[in-house]
Every structure is written in structure tokens, then in C-alpha cells.
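Model the full assembly from the supplied sequences, consistent with the hints where possible.
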Amino acid sequence: MSRIAVKPELIRWARERAGLTESALVERFPKYMEWEIGRSHPTLRQLEGLAKKTMTPFGYFFLPEPPEEQLPIPDFRTLRDCLVRRPSPNLLETIHTMQMRQDWMRDYLIEQGANPFPFVGSVTLESSPFEAARRIRETVGMTSGWAREHPTWTAALLGLRRSVEAIGVMVVINGVVGNNSSSKRFCTPHSTVPPGNKGKEHRS
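Plus 602 on top of the position in the sequence shown (first one is 1) and you've got the working numbering.
Derived by calculation from the structure, the hints in this document are not laboratory data.
Some hints here could point you the wrong way.
[What the hints assert, rightly or not] Straight-line Cα separation of at most 20 Å, EDC-like style, residue types lysine to aspartate or glutamate; simulated pairs: (1) Lys654 <-> Glu629; (2) Lys609 <-> Glu638; (3) Lys609 <-> Glu667; (4) Lys633 <-> Glu671; (5) Lys655 <-> Glu638; (6) Lys655 <-> Glu618; (7) Lys655 <-> Glu611; (8) Lys655 <-> Glu671; (9) Lys655 <-> Glu636; (10) Lys609 <-> Glu695; (11) Lys654 <-> Glu618; (12) Lys654 <-> Glu671.
[Said to hold, decoys possible] Have a look at the derived ranges for each label pair, beta carbon to beta carbon: (13) Arg647 <-> Thr623: 17 to 25 Å; (14) Glu624 <-> Gly747: 50 to 58 Å; (15) Thr756 <-> Arg736: 23 to 31 Å; (16) Pro632 <-> Met744: 55 to 63 Å; (17) Leu760 <-> Ala734: 21 to 29 Å; (18) Pro731 <-> Leu622: 34 to 42 Å; (19) Ala626 <-> Gln714: 41 to 49 Å; (20) Glu733 <-> Thr756: 23 to 31 Å; (21) Phe660 <-> Glu740: 48 to 56 Å; (22) Gly761 <-> Arg736: 15 to 23 Å.
In this text the structure is predicted, and so the values were computed from the model without any measurement.
By construction, the Cβ of each residue, glycine as well, lies at the ideal position given by its N, Cα and C atoms.
Put into C-alpha cells, the structure is as follows:
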């Protein structure tokens, strides 16, 4: 049975990137530890299984060294505003999927003759946070203290979503990665076209 001579550092990188322990992989691949120290190598089928288990693109195992993955977007909200030093496979897949759907929507609306929103780019990093918040509220038709008008935070979130959708902005909400219901996302949602917003003027 032929085996694939994958560099041990790539095997270890794939495991650490996925946030898996050695024991977790040994359960699925009994000789995993031998692969990670270079004493043995996986078969093609085993390597394919390892790629799936660690959510690693199969071709990465043939690189000369582990790649340095960078987030394709400058910043976003995270739990406790922590810096994401090593993006997880779930996070990267979610962002890439979102970008593909965003590009599709942008191309579609351009074909439909949609115009750019006038408020895009109207606020900069030099703008006062209070002024920026005021302009956002005016744009979506909300008043100061609008959240107190709702009985619960979920009702407030629903109200905010509907107000944003009403001006033609695509709102995206999902709790999984891709179509895999067992793979939870980290914090960036996937995209879906909001009900009733097809053809609205919007550009990403």
C-alpha cells in the first residue's frame, strides 16, 4: 500500500489549526502520532480523511511549509474584542463563503441597474462616534433610545434588522458553517437574500 510522504510539520500544523488534540485524532487514525513525528506516513485515503477531519484544503499537505493564513477582511466584532491571531478553519470558510455570496449579489444588482447607496462612505474613522451613530439612526429611521421601545433584546434585534432591510441593505444571519449543521460558526454569518429585497438598490 503506497503512502504519501507528508512533512510532519504540515501534519502538526493542520491539527493545531483545527484546534484538535492529538488524542482526538488518534481515535480516528491510530497511527496519527507516527505521522506527526515522521516515523510513518498516511495512505492517500487516510490523508484525505485527515484533511476532512481538520478542515484543511487537501493541497496544503503538499506545500514545502505551513502557510501563513491571513484574514481577508480588516476587522470585525469578536468575543470580548479579542484579536484573532490564528483564524479557525470555520471562521475562514465562513468569511470566504460570505464574500462569494456578496460578490454574487453585487454583480446581480449592477446588472439590474442598481445605484450605490448615498450613505456608503459618509462616515470615516475621523468622524465622532456620536455623530456617526446619529447619522446611522437617521438613515434607518430610528430615534435615540429606540431599543427601549422593544420589550426584549430579541425584539429589538428583529426591529433593527427590519429597519436595515427596509432601506435595501442585505442582512445575513446563520448559525452554521456552510450547509453543515454540526459545524458552528465563530462570529461571522453567512449570507442569504432577505425576503422582499430582491432587486433593491444595494452594492457591497
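Now for the hints, and whether the structure bears them out:
1. Distance hint between Lys654 and Glu629 is fulfilled; the C-alpha atoms sit about 15 Å from each other, no more than 20 Å.
2. At roughly 8 Å between alpha-carbon atoms, Lys609 and Glu638 fall within 20 Å of each other, so this suggested pair holds.
3. Restraint check for Lys609 and Glu667: the C-alpha separation of about 8 Å stays at or below 20 Å, so the hint holds.
4. A threshold of 20 Å between alpha carbons decides the hint, and for Lys633 with Glu671 the separation of about 28 Å lies outside it, so the pair is violated.
5. Only pairs whose Cα atoms come within 20 Å are accepted, and Lys655 paired with Glu638 is accepted, the gap being roughly 15 Å.
6. In summary, the hint linking Lys655 to Glu618 is supported, as the alpha carbons are separated by about 12 Å, within the 20 Å threshold.
7. Between Lys655 and Glu611 the CA atoms are separated by roughly 17 Å; this keeps the pair inside 20 Å, and the hint holds.
8. Distance restraint check for Lys655 and Glu671: the Cα-Cα separation of roughly 19 Å lies within the 20 Å cut-off, and the hinted pair is therefore satisfied.
9. For a cut-off of 20 Å, the pair hint linking Lys655 to Glu636 stands: about 17 Å separates their Cα positions.
10. Restraint check: the Cα-Cα separation between Lys609 and Glu695 comes to about 24 Å, which exceeds 20 Å; the hinted pair is violated.
11. Only pairs whose Cα atoms come within 20 Å are accepted, and Lys654 paired with Glu618 is accepted, the gap being roughly 14 Å.
12. A threshold of 20 Å between alpha carbons decides the hint, and for Lys654 with Glu671 the separation of about 18 Å falls inside it, so the pair holds.
13. Between Arg647 and Thr623 the beta carbon distance is about 23 Å. The supplied range of 17 to 25 Å therefore holds.
14. With their beta carbons about 53 Å apart, Glu624 and Gly747 fall inside the hinted range of 50 to 58 Å.
15. Separated by about 25 Å at the C-beta atoms, Thr756 and Arg736 satisfy the suggested range of 23 to 31 Å.
16. Taken as a hint, the range 55 to 63 Å holds for the pair Pro632 and Met744, whose Cβ atoms sit roughly 58 Å apart.
17. Checked against the given bound of 21 to 29 Å, the beta carbons of Leu760 and Ala734, roughly 23 Å apart, stay inside it.
18. Checked against the hint of 34 to 42 Å, the C-beta distance between Pro731 and Leu622 comes to roughly 40 Å, which is consistent with it.
19. With their beta carbons about 48 Å apart, Ala626 and Gln714 fall inside the hinted range of 41 to 49 Å.
20. The given range of 23 to 31 Å is respected by Glu733 and Thr756, whose C-beta atoms sit roughly 29 Å from each other.
21. In this structure, Phe660 and Glu740 meet the distance hint of 48 to 56 Å, their C-beta atoms being roughly 50 Å apart.
22. Remark: the range hint 15 to 23 Å for Gly761 to Arg736 is upheld by a beta-carbon distance near 18 Å.
Checked against the numbered hints given earlier, the structure breaks hints 4, 10 and satisfies all the rest.
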